[in-house]
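Asker: Hey, can you work out the whole structure from these sequences and the hints?
Here is what each chain is made of, one letter per residue.
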Amino acid sequence: MTVLSLEPRVAGSAMDFTRVNPRRSLVLLAIGAITGIAIAGYGLFTAKGTRVHGVPPEAIALVNERPILRSDFVTQVQTQYSVPYAQTTAAERRKVLDDMIDEEMTMQRGLEVDLPSFDPDVRTALVAGVELQLFADVLAQKPSDAELRSYYDAHRDKYIRDGEMRLRDLLAAVTPQRPPDAARRDAAAASVMLRQGALLDQVLAQFNLADSRRLLDSGHVDTGDVFDFAARARLDPAVFAAARALTTGQVSDPVGAADGVHIVLMVKRVPPAQRSFGETSNEVWRDVTEDAKRRVRENNLKYLRSKADIQVAVP
Amino acid sequence: MTLSPLARTRTHIAVLAIVLGMLVVLGWHLRVRHLEDVLVRADPDRAVSEAGLLNFAMDRAPALYSRHCAGCHGRDMHGSRPRGTPDLSDSVWLFGLGDLPDIENTLDYGVRSGHPKSHNITDMPALGRIGQLSAAELRDVVEYVYAFSHADANPDAVRRGRPLFMDKGSCYDCHGQDGTGNVDYGAPDLTGRSGWLYGGDRRTLFQSVNDGRHGLCPAWITKLSAAQIRELAIFLYTTARRAPHSPTGAAGAT
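Residue numbers (this note's numbering), protein chains in the order written: chain Y, 1 to 315; chain S, 1001 to 1254.
Mixed in with the good hints, there may be bad ones.
To be verified - Straight-line distance between alpha carbons at most 20 Å, and here's what the computed SDA-like set of lysine to any residue pairs gives:
(1) Y:K158 with Y:E290
(2) S:K1117 with Y:E290
(3) S:K1223 with Y:R195
(4) S:K1223 with Y:P67
(5) Y:K142 with S:Q1132
(6) S:K1117 with Y:I68
Keep in mind the hints are simulated off the structure, nothing from the lab.
Answerer: So this is what it looks like as structure tokens:
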């Protein structure tokens, strides 16, 4: 209860709270400030991982201020001796600790000499380790069937079984004795005869045709089955286009190329086919995961670039 | 304006009370910090055998469990079969033998948490979805596993399923030839004697083999203090030690 007093107070008394006392105010302010700083300092220097004096409780050792965690140490002891921690001897524990300290020091030395900057193995391992961390969430997820189906539908062209062909690529070579027009006439006549069922050897001899040998150095002889992608790589583009349109037993029209005029006899043709979702679900899953990893990698690099100071010399 | 002597006295008492209160709070905090430090520094066997430390941890851990673990493992600690979160109230452990360091290690680094030190050696592959087993083979291997704990399994399918379990499916690699699992890999016991993580009925077994399983537990080392992790580990260890030997959902349960 506050009452008015008629008695005069002693001016300047620190305990007289009815009057303003600058000295008291300063003392209280100082006490408050010191208390605040003390609490902040206590919190700052005792927070996890920030202790600078002695070994923090969660660590078994500090090596150049870097802690070796007790839990890691206990696990390592158990792993190394294959018995519960309580059954290990002091000497065994000491050995494990010494090994862990040695490893920590060696690792720190590696960082000190900037090993990742010049050792390709360390560099590769570091990049792989960082990426593995990035991909942890992606690898942990198992996409649902609906997600896989949706991806498959959006990328159907990725799941086509490549076609196969076994063919004879016959060439009417252009030579000084056989100008281009003559070569085209020979090829056209040969094509007609083959379509009419004439024997191949007879046609080859009659029109002086030869195998183009384009598929020989692909590891297959001309009469072997090759996938479409291999044939595309070896044959003249126009010849491949003509071959791809043929079915088994068909003969192409003459196709002009740099070395002469070709005709293709398709011995056996297995056309490309769409693979079903069920047949490819494993690949789809892999592709979904790889796509997700690619996105994560790109986003990470974008973030790193936004933070990095990169200077490129103009070539 | 001046205060009466009574009011002055009250003011003095109030100031003194505030200062004393702050000292008490500070003292309490320092005591707790001290106990935390002692708890974390203690060897695992001492931490669970010394009454003072054990009681300190057991008093504080339930609140931690409610805040961080109950969301997946349930307030009653029984876990969830639909989510595949293990029952923590029994004495069955998926990883390790249930010693304090094992539990602490799992809490520290988690299960398939993305932390490099987490339990992540193996994963239950989606044998059906990746095409390793056909639909018919899936049914047979499921029947073989079902027969570990059920008497009404189809004997023909069981006979066909055995070589799939032992060879093509590579199930024995993790679960063992007798299906009792392996705590090094976190491969569950398939005999039903240790209960079921997801369920032992045909439908659930089929889902497990066809779609795979990928149980996760976060790495708490980045979220909780060492003392909090040890308190939780002691809580789980003690709860498991108090549990009856036969787990809930024993043989034959689905």
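Asker: In ascending order, which of the hints set out earlier in this document are inconsistent with the structure?
Answerer: 2 and 3
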